[in-house]
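Number of protein chains: 2
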Amino acid sequence: MKHTNSSLPDGVFAANLTPQKSDMAIDDQRLVDHCRWLLANGCDGLAPMGTTGEANSFTVKERMALLETLIRGDIPPANLLVGTGCCAFPDTVELTKHALACGIGGVLVLPPFYYKQVSDDGILKVFDTIINQVGSDKLRIYLYHFPQMSGVPFSNMAIERLLTEFPTIIAGMKDSSGNWANMQRICQQFPDFRVYAGTERYLLDILKCGGAGCISATTNVTCPLAGQVFSVWQTPEALELQSYLTRCREALEAFPFIPALKQILADHTGRQDWLNMRPPHIPLNAANIKSLNTSLDNLNFKIDYT
Amino acid sequence: MKHTNSSLPDGVFAANLTPQKSDMAIDDQRLVDHCRWLLANGCDGLAPMGTTGEANSFTVKERMALLETLIRGDIPPANLLVGTGCCAFPDTVELTKHALACGIGGVLVLPPFYYKQVSDDGILKVFDTIINQVGSDKLRIYLYHFPQMSGVPFSNMAIERLLTEFPTIIAGMKDSSGNWANMQRICQQFPDFRVYAGTERYLLDILKCGGAGCISATTNVTCPLAGQVFSVWQTPEALELQSYLTRCREALEAFPFIPALKQILADHTGRQDWLNMRPPHIPLNAANIKSLNTSLDNLNFKIDYT
Chain A
1 MKHTNSSLPD
11 GVFAANLTPQ
21 KSDMAIDDQR
31 LVDHCRWLLA
41 NGCDGLAPMG
51 TTGEANSFTV
61 KERMALLETL
71 IRGDIPPANL
81 LVGTGCCAFP
91 DTVELTKHAL
101 ACGIGGVLVL
111 PPFYYKQVSD
121 DGILKVFDTI
131 INQVGSDKLR
141 IYLYHFPQMS
151 GVPFSNMAIE
161 RLLTEFPTII
171 AGMKDSSGNW
181 ANMQRICQQF
191 PDFRVYAGTE
201 RYLLDILKCG
211 GAGCISATTN
221 VTCPLAGQVF
231 SVWQTPEALE
241 LQSYLTRCRE
251 ALEAFPFIPA
261 LKQILADHTG
271 RQDWLNMRPP
281 HIPLNAANIK
291 SLNTSLDNLN
301 FKIDYT
Chain B
1 MKHTNSSLPD
11 GVFAANLTPQ
21 KSDMAIDDQR
31 LVDHCRWLLA
41 NGCDGLAPMG
51 TTGEANSFTV
61 KERMALLETL
71 IRGDIPPANL
81 LVGTGCCAFP
91 DTVELTKHAL
101 ACGIGGVLVL
111 PPFYYKQVSD
121 DGILKVFDTI
131 INQVGSDKLR
141 IYLYHFPQMS
151 GVPFSNMAIE
161 RLLTEFPTII
171 AGMKDSSGNW
181 ANMQRICQQF
191 PDFRVYAGTE
201 RYLLDILKCG
211 GAGCISATTN
221 VTCPLAGQVF
231 SVWQTPEALE
241 LQSYLTRCRE
251 ALEAFPFIPA
261 LKQILADHTG
271 RQDWLNMRPP
281 HIPLNAANIK
291 SLNTSLDNLN
301 FKIDYT
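Residue numbers (the numbering used here), protein chains in the order written: chain A, 1 to 306; chain B, 1 to 306.
One copy or two, either will do: identical chains are not told apart, so a pair holds if it fits within one copy or between any two.
Calculated cross-link-like contacts (lysine to any residue; reagent style SDA-like; alpha-carbon spacing at most 25 Å):
| no. | residue 1 | residue 2 |
| --- | --- | --- |
| 1 | 116 | 148 |
| 2 | 125 | 281 |
| 3 | 302 | 30 |
| 4 | 116 | 26 |
| 5 | 290 | 255 |
| 6 | 125 | 259 |
| 7 | 116 | 259 |
| 8 | 125 | 24 |
| 9 | 116 | 283 |
| 10 | 21 | 131 |
| 11 | 138 | 164 |
| 12 | 97 | 78 |
| 13 | 21 | 33 |
| 14 | 116 | 22 |
| 15 | 290 | 251 |
| 16 | 125 | 62 |
These are calculated hints, taken from the structure and not from any lab test. Remember, predicted model here, so these are calculated numbers, not experimental data.
Using the sequences provided together with the hints, build the complete structure.
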């Protein structure tokens with residue numbers, strides 16, 4: 001692995017959830033506690049304000065306040081990959097400058113995701129504009145490839161052109177496509193590019209391919225298992241651990257992640273305010289909760305959350 | 001037509017373009033001039049900060065400033081249907097309150113469009129939150145149904161539930177699906193609901209169905225023709241006018257709207273700064289410009305823009 005281009009650690013990241021109060025304001029203390037728990041339980045880093053963190057349901061001001069809360073809570077900024085990609089580039093620029101000033105390890109940048117069928121030239125223009133306006137050679141951008149959600153994929157050609165034009169700044173990618181062939185191809189085609197799988201299902205596979213690790217929604221609860229896989233990934237033991245981790249991930253994939261993960265945390269902590277979330281997300285219904293619990297019980301899945 | 005629920009006029013609306021300076025800041029004078037031209041050339045109203053106005057490429061602050069510029073430029077607010085739907089509900093609430101304070105006729109509200117596969121319950125929760133937090137019985141919401149772009153459709157069931165819960169506030173809809181059967185069904189199922197077709201192609205059809213009119217990207221240049229159709233829609237003459245209008249619309253549909261419409265205005269005015277636009281949009285390439293001009297020449301399409 002030649003990952004000279006970034007201060008971010010390899011390994012397991014959680015796209016951490018954003019705990020909220022009953023009025024849907026960020027619950028600062030719960031947030032810091034959860035992030036500390038993640039880092040103490042298998043996570044090498046965190047990706048706050050990603051899809052799972054309901055990033056796009058928060059205003060620019062709220063997103064900056066959240067990051068400041070984490071820093072004040074002694075979460076090490078170098079281990080943070082902060083989501084800053086908005087539809088309007090001035091918002092992305094503002095969030096990215098702010099994140100850099102906070103000393104973060106990298107920013108995870110969605111392409112503008114309202115307009116669809118965007119050309120590679122359009123993608124290049126977006127990143128050219130952001131990079132120029134941020135104007136810092138400390139900037140390390142991770143492309144956030146999540147076509148099912150954003151509707152705007154990064155083509156291989158766009159990645160190649162971005163890397164050619166901004167070789168030190170375009171540092172890596174979170175591939176949330178779920179498409180293993182795509183992750184593998186990108187790892188092989190761009191060996192210095194730090195690729196994180198968007199699911200712990202491919203944690204072992206991507207490490208063997210020279211990738212950086214995984215950044216996932218479900219590592220909010222599976223991080224102890226994922227951390228075990230990462231710690232022994234070069235040994236034969238890793239295979240069985242990965243196999244159980246994959247089965248847990250698969251069980252969770254049957255449910256919408258944000259409500260399901262918040263439900264699990266509510267159940268494990270006994271604190272129902274974990275179920276606060278911003279619309280369009282809504283808590284699981286009773287049938288789904290039952291089905292989720294049955295799935296997890298069948299796997300003997302537990303987390304130690306104190 | 002029982003359209004007692006809104007101050008917005010029936011007829012032809014343009015989702016007006018947003019002229020920009022070379023640094024992509026809004027060009028206030030050009031914006032006001034263009035909006036005046038639209039209203040003097042067949043438009044009954046305007047929908048600023050819609051898809052064609054590059055709404056989602058502007059910050060909340062820029063969007064509010066744009067509306068204030070229009071008001072200062074004597075564009076009648078009651079004829080404005082202002083786009084206010086953002087991913088984060090607090091942004092939608094802020095823009096909507098501001099638009100109401102400016103005396104606008106209605107707001108055009110996208111659902112939060114980052115998260116996909118949103119349930120009807122999720123949509124209801126979004127609008128319930130927005131309506132409660134805006135807290136004004138002057139509020140008139142037009143649902144912005146544009147599944148190809150937003151990725152989040154309004155189902156018929158969601159519309160019905162919204163109308164049941166907020167009968168005076170949920171005033172109408174812009175249906176940009178391009179799906180005539182859907183527009184027709186909605187007009188028939190919800191007769192008091194003011195449906196605007198998202199394309200002038202269906203202007204005559206939707207008026208005959210009891211709809212309110214059209215709100216379109218391409219009426220930025222076809223408004224004189226669309227205005228003619230509207231003025232005679234109850235006469236036999238309308239058919240031929242609509243037929244020519246439809247052919248012009250079809251010619252434009254071969255190109256991405258924002259760059260194509262800005263190209264036409266640049267060509268007709270000789271002012272190349274019409275080509276300023278925010279990424280991910282980029283100007284048409286030479287081949288597309290040639291092809292666009294050939295199509296329009298073949299139709300003998302001209303606008304009188306002075």
